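Novice: Knowing the structure of chain X, use the given hints to seat chains F and S on it.
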Amino acid sequence: MNRRRRVPPTLIAGAVVVALVVVAALVSLVWTPFDPRLADTASRLLGPGVEGHLLGTDQYGRDLLSVVLAGSQVIVIVGVLAVGIAAVLGIPLGALAAVRGGWVGELVMRGSDVMYAFPAVLMALMLSAAYGSSTTTAMVAIGIAYVPVFARVTRAASLQVLTRDYVLAARAYGRRSPYIVVRHVLPNISSVLIVQATVAFALAVLAEAALSYLGVGTQPPTPSWGRMLKDSQTFLDSAPRLALWPGLAIAAVVLGLNLLGDGLRDRYDPHAHIEGRP
Amino acid sequence: MALFVLRRFAILIASVFAASVLVFVVLAALPGDAAEVQLGDQATPEALAALRHELGLDVPLVVQYGRWMGGVVRGDLGTSYVSSLPVGAQIRDRLFVTGPLALFGMTLAVLIAAPAGVYSAAHHRRLGDAVVSALTQLGMAVPAFWAGIMLITLVSVKLHWLPAGGFVPWGQDVGGALRSLVLPAVSIALVQGAILTRYVRSAVLDVLREDYIRTARARGRTRTGALVRHGLRNAAIPVVTVLGLQLSFLIAGAVVVENVFFLPGLGRMLLRAIGDRDLLLVQGTVLMLTVVVLVVNFLVDLAYHYLDPRLRTAT
Amino acid sequence: MTLLAVEDLRVDIAGVNAVGGVSFTVADGQRVGLIGESGSGKTLTALAVMGLLPDAARASGRVVYRGDDLLTMDEDALCRLRGDRIAMVFQEPMSALDPVVRVGDQVAEPRLIHRGESRDVAMRHAVALLGRLRLSDPVSIARAYPHQLSGGQRQRVLIASALACGPDLLLADEPTSALDVTVQAQVLDLLRGAVEATHAALLLITHDLAVVAATCQQVLVMYGGRIVERGPTRDVLARPRHPYTRGLVDAHPNVVGPRLARLPAIAGSVPPLGGFPDGCVFRDRCPRAIEQCVVEPVLTGRPRRRGETPTRAVACWNPVPDR
Chain X
1 MNRRRRVPPT LIAGAVVVAL VVVAALVSLV WTPFDPRLAD TASRLLGPGV
51 EGHLLGTDQY GRDLLSVVLA GSQVIVIVGV LAVGIAAVLG IPLGALAAVR
101 GGWVGELVMR GSDVMYAFPA VLMALMLSAA YGSSTTTAMV AIGIAYVPVF
151 ARVTRAASLQ VLTRDYVLAA RAYGRRSPYI VVRHVLPNIS SVLIVQATVA
201 FALAVLAEAA LSYLGVGTQP PTPSWGRMLK DSQTFLDSAP RLALWPGLAI
251 AAVVLGLNLL GDGLRDRYDP HAHIEGRP
Chain F
1001 MALFVLRRFA ILIASVFAAS VLVFVVLAAL PGDAAEVQLG DQATPEALAA
1051 LRHELGLDVP LVVQYGRWMG GVVRGDLGTS YVSSLPVGAQ IRDRLFVTGP
1101 LALFGMTLAV LIAAPAGVYS AAHHRRLGDA VVSALTQLGM AVPAFWAGIM
1151 LITLVSVKLH WLPAGGFVPW GQDVGGALRS LVLPAVSIAL VQGAILTRYV
1201 RSAVLDVLRE DYIRTARARG RTRTGALVRH GLRNAAIPVV TVLGLQLSFL
1251 IAGAVVVENV FFLPGLGRML LRAIGDRDLL LVQGTVLMLT VVVLVVNFLV
1301 DLAYHYLDPR LRTAT
Chain S
2001 MTLLAVEDLR VDIAGVNAVG GVSFTVADGQ RVGLIGESGS GKTLTALAVM
2051 GLLPDAARAS GRVVYRGDDL LTMDEDALCR LRGDRIAMVF QEPMSALDPV
2101 VRVGDQVAEP RLIHRGESRD VAMRHAVALL GRLRLSDPVS IARAYPHQLS
2151 GGQRQRVLIA SALACGPDLL LADEPTSALD VTVQAQVLDL LRGAVEATHA
2201 ALLLITHDLA VVAATCQQVL VMYGGRIVER GPTRDVLARP RHPYTRGLVD
2251 AHPNVVGPRL ARLPAIAGSV PPLGGFPDGC VFRDRCPRAI EQCVVEPVLT
2301 GRPRRRGETP TRAVACWNPV PDR
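Chain order of the listed sequences is X, F and S.
Position one of the first sequence corresponds to residue 1 (this note's numbering), numbered consecutively onward.
Position one of the second sequence corresponds to residue 1001 (this note's numbering), numbered consecutively onward.
Position one of the third sequence corresponds to residue 2001 (this note's numbering), numbered consecutively onward.
Same shape as in the complex, but just chain X (with noise of 0.2 Å):
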């Protein structure tokens, strides 16, 4: 029976979460309602709907949903090459495991473990006390953070597929083993890769916020969601909305990448093996 299966819900909903953020990041490049950077104490800690003002403004008078908006660009840079640093690390480094197998394959996942011990804000608090604090920095500790985790679902989807029937037969062929990765292994695992992709794009998320949270992550005068949160915190009795938009952001937006993750591994591989998501 070859039935055609169903796109699910949960993929159409994160894909729809994801695509509105990327949009929101790009639009807010060239335009946002009010200038999210512009500091205007006239009109400090207006409530919403004042004055052309949305959600209201901060309590250096900027328009709320501007700066909200604006935040949502280094969110996606910092996911995306937080991302791209941990896969283009990580996987070699896992597929190279899985092939030599042996010494080679306890190495890697031995070092691995350790990786594990360092959570991604740790790893950053680390950087920054070395390097100073920025969202680059951030954004390479996070990366390295996520290069154990990357390593082991390729290792261990690697091995499946290495004792496939076409694989053997490359082998017979005399085909060497780079070549057999690259043309047969990585595109039948690029499923599993992409689910834990998203996995690992929603905790950079979480963890940029935190280290933003924390003033060692994205810096002033940048927009970020983190910072603002931090910001909000002596205003919680007067204005707690300086709080609760930030926080929803990033909710929503982790909210999009798992659902999206949640989707594509209904759809694609359902018995995959995701790190980090039960």
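No wet-lab data here; the hints were simulated from the structure.
Predicted model, so just to flag it, every value in this text is computed and none were measured.
Glycine included, each C-beta is placed from N, C-alpha and C at the ideal position.
Watch out, some of these pointers could steer you wrong.
What the hints assert, rightly or not - Stretches of chain S that chain F covers, calculated by requiring three or more beta carbons in the stretch to come under 8 Å of a beta carbon on chain F:
| no. | region |
| --- | --- |
| 1 | 2084-2092 |
| 2 | 2107-2116 |
| 3 | 2216-2227 |
| 4 | 2234-2242 |
Specialist: Just chains F and S, lined up with the frame of chain X:
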């Protein structure tokens, strides 16, 4: 079995050393000169050289590492260049805040996840499961520190039930200390609880599909009876492993949440140390945290092999 | 005395019919074999009797045990029967036993549930039972975990846990199929002996003719979710009337006897669920199919005396003639 424990222990020691090398490389080997940082741009070369010698920076990196780790193994994490206080003592003092916080948070998370996960699995494909799944999706998407901020807004600012921050020392008032940890622990537990619930649900669902559940029912057990007597113990095995793996996330969460609630723990100290460029303190703290994670994972590994009788005898 | 009367049992899985209108009876102490290949619906029939069908399955018809219809019984009442009056032995002893519970506790479990015995008392019964099933050193076996035992030992443990409360009816689903041939014979022997000693009835499900020949007084032949032939074992196997039964018997190699040039096989293969033809389920593969076979045949037989239920029956329009 003894051989297995020894092997794992040897791997633990090797991992601790590997972690220490990583920490040292990032914090001591690569960045600029600690002496320059202390004395500033205007320092004379002689002053710099003198300070470098005093700080032990004029010897090869490997020797520096050896000195540092030699001290660590003996329990001496060094003395901070910046504050002149012993690193070990500072860490130990802060542990009395971060430790209980992490423990509290993890306990709450497990207390949420165990019943929620089992309930969700028992109501698979029905409304109960859908509701729990939706809640866990939300729980996983929310940053722990934002949950903390929102909790402060609601519970402290609006309702005045609990303090918005600060910590009452244990020695002064145990009740007060616990009250200061409630909101931070809940913030951590909301996120970790959501993640753990999903793991518990998945483990229970897997177990429910097993043949021995059907055999138990064939002996006369009710569905619930079979689940409780045979399912839970089997489901606990993969969940225990996950607890160990989640520990590093929990610690990261505690580090951030401490800063939301101004708790005098390792998290706030770490942040201050970064601001002060007190690298030795950062080194010691990060090493301590990673060692805790590695040791706990080692213990979880042993526990897992003990819980599953198939592994007990096989090794 | 009729212990179990199955009347027109139908089981559908996810809308597809897997068991269609099966009827048979099992008398007190009688040993009945249910023969069929995989996909014939025999396991589902047994599970329907136990009330342990998978969630996706729906059963209809009547399954009458001592006057009560098990299909309409509420779950609590069924739980009281299961393991006590009606018990089942499953096929894969490794996966059917809880890996983290000692074997003795699993054998003792029914007595804990139904007799309210303390763990010590129930354990003593369990050890005694394991001994009667000829497990040497039953005390050590009782303390062991399933993975520490051999396949034959595990299957005996499963049988023991099914017999713990001395049930009236024992359903055994391929109890020896997962075992080595030499062990099979031993375990079957034990099973038959245990059932005879307690005067329990046995419904033995298997695909192996030799197993049925050795153990059962009556045999039911199942194909495509229907019973196609029924009768005393010796009679059915020596003089099969349904073409399918004939095919099964012919395909069974004789270890002694004349060498055959080719082993006769039944043409075609068992269709997947939902792929059986209308009318007689076997007609696509049947060498004796006639036009009439597009209508589903009914299981009929000639009674020996007036008014009696015929012991021998076949569901075929063109049965194999008596020789």
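Novice: Against the earlier hints, flag every one the structure doesn't satisfy and list their numbers going up.
Specialist: 3, 4
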